Each structure stands twice: as structure tokens, then as C-alpha cells.
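Each chain, letter by letter, is given below.
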Amino acid sequence: MTRYLARRLVQAALTVFGVVTAVFFLVELSGDPAALLLPTEATPEDLARLRESLGLDEPLLVRYLTFLGNAVQGDFGDSFRQRVPALPLVLERLPATIELALSAFLLGIGMAFAASLAVRLTRSERLRTGLLWVAFTFQAIPTFFFGLILILVFSVWLGWLPSLGRGGLDHLILPAFSLATFELALYLRLLNSAFLQEQTQDYVRTAYAKGGGRAWVLVRHVLPNALLPIVTIAGINLGVLLGGAIVTETVFSWPGVGRLIVQSVSQRDYPVILAGVFVISLVFVVINLLVDLLYAVLDPRVRYS
Amino acid sequence: MSEALLSVRDLVVEFDGPRGPVRVVDGVSFDVGAGEVLGIVGESGSGKSVSLLAVMGLLPAGARIAGGEIRFDGQRIDNAPEATLRALRGGAVSMIFQDPMTSLNPVLRIGTQIGEAIRLHAPRTPKPEVRERVEALLASVGVPDPASRARQFPHEFSGGMRQRAMIAMAIANGPRLLIADEPTTALDVTIQAQVMDVLEGVCARNHASMILVTHDLGLVAETADRIAVMYSGRVAETGPTDALFARPSHPYTRGLLDSLPTLDADHDELRSIPGQPPDMAARPPGCAFHPRCALGQGRPACSRERPDLRTVGTGHAAACHYAEEAAGDAPPREAAQ
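Each protein sequence line maps, in turn, to chains A and B. Each residue of the first sequence is one higher than the one before, counting from 1 in the numbering used here. Each residue of the second sequence is one higher than the one before, counting from 1 in the numbering used here.
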């Protein structure tokens with residue numbers, strides 16, 4: 001177990017390193033940040049001075065090695081725009097992203113569980129198809145469009161909820177629900193097929209033969225097995241959400257990591273982009289590791305060695 | 001037999017098929033007396049397992065009881081409400097399934113799964129008492145070191161041990177009838193005998209009746225008091241084990257007996273019954289066995305009239321127009337070989 005963990009941690013570190021390196025060279029291709037920072041009437045001398053002060057005049061490889069050396073110490077440099085360290089800038093956005101991601105995740109997966117348990121318990125074919133139709137419809141609507149519709153209805157017409165920014169629970173409802181509908185569709189389909197598949201297994205018949213009722217068999221025997229295929233997908237998906245729901249964050253002006261990175265990309269703010277990518281990839285690999293460990297708890301047949 | 005513990009009369013089970021309902025069980029009757037072991041023998045698809053799932057009220061989706069009646073201890077259970085059936089299942093009637101590898105829940109501990117059988121029927125049993133009873137049950141079916149085995153998961157058990165755990169689960173509430181559906185088919189031959197010993201032992205100790213479903217005539221010969229041979233959803237022949245082996249009165253039973261290897265004869269090749277069991281959705285007219293029957297070839301009655309069970313001896317009946325002829329040609333056989 002310890003060796004397994006050690007191996008996985010090395011893998012995680014390598015993954016983060018690879019992602020950051022790839023992004024470092026990719027943003028280089030996006031053009032000269034100095035040109036964006038200065039007004040159009042700036043002279044070539046002004047440009048050269050700015051590039052020197054930002055350290056952009058060094059050869060690419062030298063800059064890469066310098067970046068790595070500083071990054072392992074937690075220093076991603078200062079934001080070109082805001083002249084403050086980049087990593088804290090990203091980290092202060094993280095709570096907002098986590099708040100939105102977790103609430104959308106829990107809301108989506110919770111609704112999916114309630115809906116598919118209801119389908120299994122009632123064995124109603126009509127309910128099943130109805131729910132799947134709703135799920136497919138939600139999934140087919142582009143996120144930005146659905147978000148705008150929600151704002152239109154609940155903020156503009158009804159005036160019930162704020163349309164943008166972060167604050168109390170009322171600010172969270174619209175963006176979380178907008179994201180959760182997409183999650184709902186995904187998990188509803190997954191759970192439905194997982195339940196259907198498990199329902200025909202021999203151990204289910206054994207559970208009925210013991211004298212169990214339908215709800216008891218479903219919750220006690222089918223559910224733990226149906227969870228197994230869901231956990232992997234849910235883990236990856238939670239990672240994606242925590243990486244910043246870029247579209248939703250933008251539509252609702254949610255001050256999360258995703259929106260910060262999008263802004264930084266359009267401003268060619270290299271240090272912030274790299275710090276953001278670093279944080280996101282770190283969150284992603286950590287969640288993946290946790291999911292694998294959770295899997296071993298849920299399925300006794302899985303033992304890591 | 002009015003005092004039969006389980007009495008099945010003219011049971012019909014239909015499955016939904018692509019071209020309408022298919023009669024998988026077509027008028028099956030049998031009785032099991034108290035303390036009796038009934039062997040039900042037949043090929044795969046003869047309707048033997050389905051008949052017993054119908055008794056348990058555990059028919060799969062798309063299947064239903066379309067006729068006949070099932071009585072347990074004199075009470076109708078084929079149309080009983082779900083709550084009555086639930087109290088019966090795992091209580092007075094319990095079932096052991098064919099494949100112990102897949103019949104246990106892979107993510108729950110063995111002891112938990114056996115304990116559930118106790119608590120489903122006595123929800124207020126305190127946990128320590130449940131644990132004690134689980135360990136006693138495991139010990140009674142020959143699982144060594146039951147306290148630590150109870151904490152293990154099914155994948156940590158061998159096939160034979162899993163079947164013992166299944167048996168422990170089935171006898172948790174002292175059932176009066178044990179239905180064992182091919183309990184040893186998925187096991188190694190050496191393990192088969194051990195598991196059969198355990199089954200016979202628990203039946204004797206609990207004074208329970210047992211229905212032993214199998215395609216292995218040798219197995220029922222040793223264990224069963226009476227045998228019902230099923231073919232294509234019907235009972236072809238039924239009788240006391242000795243009589244059935246000594247005077248098989250249906251050509252199908254004879255075919256099955258002839259296909260058993262014996263120790264005292266040289267075999268170049270094992271005898272077999274020619275042909276395949278018929279498609280349930282398109283049974284041959286008359287006797288379903290007639291296209292494969294050596295006795296009936298060309299006789300008009302066989303392809304026209306469906307034979308009903310006729311008495312051919314004490315408690316011995318066969319569904320053959322020419323049962324006496326079938327029995328007469330039969331060379332005498334020892335019951336248990």
C-alpha cells in the first residue's frame with residue numbers, strides 16, 4: 001500500500017510537471033505579451049525595455065529553466081498586469097471555484113440518484129423515458145445559452161435571484177443549477193444503465209430469496225455495486241469541474257479560477273496562466289488518486305499493491 | 001397426498017416471446033412430503049428451474065404463472081400477496097442457487113450476508129446474537145474458523161466454501177423446505193460430494209424437505225426418495241427412486257439411464273439420446289419427445305395425442321402412450337450406482 005501510494009505520488013508529480021511544461025511552451029506561441037501591455041503608440045525602445053524588465057529578452061530555454069527553478073519553490077513570478085505574485089492571485093480564486101464545483105456536483109449527482117432510484121422502485125417505464133428526455137434536453141442545450149435563459153427568467157423577469165457575482169446562497173443558485181443540469185444528464189444515464197445491469201445479477205435473486213423487499217434489495221445490494229462504475233467517472237468529472245467551469249463562470253461573472261485563466265490568456269499574462277494551470281492539474285491528479293483509493297474501499301476485490 | 005408440504009398442481013409458466021407468450025412450464029404437478037427429498041431431473045431448458053422459481057415467487061421479469069396452483073402447507077402461495085411470499089422466502093422455504101461464484105454479493109462480507117437472512121425475519125435480533133448465530137451456522141456447514149471467515153468477502157472463499165456459505169444462509173431460519181437448484185453443478189467433482197453431504201446433513205438435522213434440481217441422475221439416485229423427470233416443460237415420469245431406476249417407464253428416462261456410464265461394462269462410446277430438446281415456442285404436436293423417441297417411431301398416437309401421466313406402479317407414473325412397453329424392454333438396473 002505504501003509503495004503503491006509512493007508510486008502514484010511520483011506519477012502525479014510527473015503529470016503536473018508535464019502539463020505545466022506543455023503549457024509553458026504553448027503560451028509562447030500566442031505572441032508577445034509586451035505588445036499587449038503597452039499602448040499602440042509605444043516605441044520599439046519602450047517595448048525592449050518592458051521585455052527586459054519582464055525577463056522576456058532571455059532565450060526561451062533559459063527562461064524555462066529559470067521558471068522551473070522558481071516554480072518548485074512556489075514562485076510563479078508576478079502577474080504582468082497586476083504586478084503581484086501570480087500563485088496567490090490564483091489561490092484566492094480557488095474557494096469560489098470549489099464552492100461552485102462542489103455544489104453543482106452534489107446537486108447533479110443527488111438529483112440523478114433520486115431520479116434513478118425512483119425509476120427502479122416504481123419500475124415505471126413512463127417515468128424512466130420522461131426523465132431521460134429531460135436529461136437529454138438539458139445536455140443538448142449549450143451551457144452558455146441555458147445560463148443566459150436562467151438569468152433572463154429568474155433575474156430579469158422574475159427578479160428573484162442575482163444574475164452575477166459571488167455572495168450568499170442566492171448568488172450560488174443559478175450558476176450551480178446551470179452546471180448541475182449537465183451533471184444530472186450524465187449521471188442519470190450512467191446510473192440507469194448501471195442499475196439495469198446489476199438488477200439481473202445472481203446475487204440480486206439471492207437477496208430476494210432471503211426475503212428482502214424491493215427497496216431493501218435495491219439500496220442494500222444493488223446500489224453499492226451500481227456505484228462502482230459511477231465513482232471513476234464522477235472523479236474525473238469533479239476534477240473537470242474544479243478546473244473551473246469556464247463558460248458558466250464567465251456567463252455568471254463568477255470569480256473563479258476558470259474565469260481568471262481565460263482573462264489571463266487573452267492578456268497573455270504568462271505567470272498567471274502557468275500558476276492557474278499548475279493549480280488545476282494538481283487538483284485533478286489529487287482527486288484521481290482519492291478516487292482510486294475510494295474504489296478500494298467500495299470494492300473489496302480491488303487491492304493495491 | 002393431502003398432507004404434502006408443497007403441492008404443485010398443473011403449473012403453467014409463460015414467458016413473453018417475440019411471437020407471443022411461450023409456455024416454458026406446461027402443466028407440471030408434483031408433491032413434496034415432510035422430510036422427503038424430491039429429485040427433479042431434466043436437461044437445461046426443460047423448465048425445472050423455472051418451476052421452482054415460480055414456487056419461490058421469483059420468476060424473472062417477463063415471466064408469469066399462467067395457470068395451476070401451488071400450495072405450501074395447505075395454503076395457496078401462487079397468488080399470495082408479496083408480503084406473504086417475503087415472509088416465506090428465506091423463512092420456511094429457502095433456495096440455494098447453482099453458481100455460488102455469482103450468487104453472493106461481491107461487496108458485502110459473508111457474515112453480513114448471512115446475518116441479513118436472520119435480521120430480515122427477526123429485525124430486532126441484537127447484533128451480538130446475530131454474529132453468534134452466523135458463526136454457529138458457518139460451523140454447522142463445515143466452514144473452519146467461522147469467526148474470521150465471517151469477516152471475509154466472497155472472493156476470499158473457494159467455490160465449495162461459497163456454496164457452504166449459501167447453505168448456511170438458506171438454513172438460517174430453520175426452513176421446512178429447501179430448494180437446491182443444481183447446487184453442485186459449478187463445483188469440482190471432489191467438492192460436489194462434500195457439499196451434498198452438508199446438504200443432506202442440514203436437511204436431516206432440521207427435519208426439512210428438499211427439492212434437488214439437477215441434470216445429474218447419479219446425484220439424485222443417492223439422495224432422492226422420489227424423482228420427477230422433466231422434458232420440455234412437462235413431467236415425463238415420476239416415481240420412487242428405486243422404482244424409477246428399476247423400471248423406467250418413459251423412453252426419455254430410459255435414454256437418460258442408458259447414457260450413464262457404468263463401471264461394470266466396457267464402453268467404446270457413451271450412449272446418447274439422438275436429437276435436441278425441442279424449441280419451447282414450437283413444440284412438436286402430440287408427445288413432445290416423439291421425434292427423438294426410439295419406441296414411438298411412426299406410431300400415430302405419439303404425434304397426435306399428448307400423453308398424460310398414467311400410473312404404472314405404486315406412486316409411479318409415466319406420460320407415455322406405451323409406458324408398459326417402455327418399462328418392459330428395460331433391462332433391470334440397480335438404483336444407486
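Treat the hints with care, since some could be wrong.
Partial pick of chain A residues on the chain B-facing surface, computed with a CB cut under 7 Å [to be verified]: (1) Ala48; (2) Tyr203; (3) Ala209; (4) Lys210.
Derived by calculation from the structure, the hints in this document are not laboratory data. Model, not experiment: these values are computed from the prediction. Don't be surprised by glycine CBs; every beta carbon is placed ideally from N, CA and C.
Hint-by-hint comparison with the structure:
| no. | hint | result |
| --- | --- | --- |
| 1 | Ala48 | 66 Å, violated |
| 2 | Tyr203 | 4 Å, holds |
| 3 | Ala209 | 5 Å, holds |
| 4 | Lys210 | 4 Å, holds |
The structure is inconsistent with hint 1 alone, although it conforms to all the rest.
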